[in-house]
Amino acid sequence: MYIKKILLLIVAITLVAGSIFSYTVYNKIFDSNTNFDEATKEILIESDTSFNDVIRKLTPYLRDVDSFVWLAKKKGYATRVKPGKYVLIKGSNNNELIANLRSRNIPVKVSFNNQERLENLAGRIAEQIEIDSIALIKAFKNLTFLKEHGFSSNTALAMYIANSYQVFWNTSAEAFRDKMLKEYQRFWNKERIAKAEAIGLKPNEVITLASIVHKETVKIKERPRVAGVYMNRLKLGMKLDADPTVIYALKKSENNWNRVIKRVLRKDLKLENSYNTYKNKGLPPGPIAMPDISAIDAVLNYEKHDYFYFVADVENFGYHKFSKTLRQHNNYSSKYHKWVNNKGIKR
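Okay, so the sequence shown: first residue is 98 according to the numbering used here, each after it adds one.
Among the clues, some could well be false.
In the PhoX-like style, the derived pairs of lysine-lysine whose C-alpha atoms are separated by at most 25 angstroms in a straight line are [said to hold, decoys possible]:
no.	residue 1	residue 2
1	359	348
2	187	172
3	432	359
4	401	287
5	348	235
6	318	418
7	316	418
8	318	432
9	401	378
10	376	349
Because the hints were derived from the structure by calculation, they are not lab data.
Using the sequences plus the hints, can you model the full thing?
Following this line, the structure appears as structure tokens:
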């Protein structure tokens, strides 16, 4: 009888211990384990980050760090950390947190426009995702890649269409470049390609001309008319005589891309450079900047007219005066130069 009581006691103790253990394990897995008031918290996990580094990042947001570490090891996450951007949800338990960090890498929105060179583009992208600008530049300028897809070192910038895109924060330089190629190919759909063929230009030539149009005017409604002027000149074999190309040529020849040039001088027009359209007929070797989509479409849908010249309108700031004859243009131009001189703009 005494032995029976002992056995029953042992069984009871075992059951209680088992219940306590089960309860403890259950709590470690399914109890809420967040320690922040906001609805969510974002966390960035860099490539090659160790589990200990992840724990250091998570510690401020966890109520019980030890229980998270225990379950992370049990579920194998501790040895298979995945880089990316993740969102921690208030009230999540350890099981949910680990599932989130394991499989819910959140894309980020990357935006860029008006970049003058690939170097500027790389710097802009590096501000928004993990990869550094040096790796991006190397990928952007890879000659094998460029040749394979119909680009050159001069036209490489044309592949990047100014817009916003969804990419993973830990995207590699090559993966980002490849995605931009797909976006370029998607942008140049059948309709746009047909329009380019109709005006006698290849897609990269359209972008090159669009980069000049973009630099000439910030007024979107005016861009088709400006594009029309340049198309008229191209058709007649005239030089484009585009001031923005001279500015680009000056910067390129001096390798001084931070230089601010507000006024093009007569001596600048004589610069021997392939981008100077006052010295060379036709389009420059490549885009002088990254044009907006509005500028690209302005070229594809350029305004049909008889204008061959334009100059800044000093009475309607931001717009231009268009002329059919050189005589009329010189009249408008003299007013502009007088205005510039009165403003004291020398360079």
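Now the hints, each set against the structure:
1. 359 x 348: Answer holds: residue 359 to residue 348 is near 13 angstroms, not above 25 angstroms.
2. 187 x 172: Satisfied, since the Cα-Cα distance of roughly 21 angstroms is no more than 25 angstroms.
3. 432 x 359: holds, 17 angstroms
4. 401 x 287: holds, 22 angstroms
5. 348 x 235: OK: residue 348 and residue 235 at ~22 angstroms, within 25 angstroms.
6. 318 x 418: holds, 14 angstroms
7. 316 x 418: The given pair, whose Cα atoms are some 13 angstroms apart, holds under the 25 angstroms limit.
8. 318 x 432: Answer holds: residue 318 to residue 432 is near 24 angstroms, not above 25 angstroms.
9. 401 x 378: The hint holds at about 21 angstroms.
10. 376 x 349: holds, 15 angstroms
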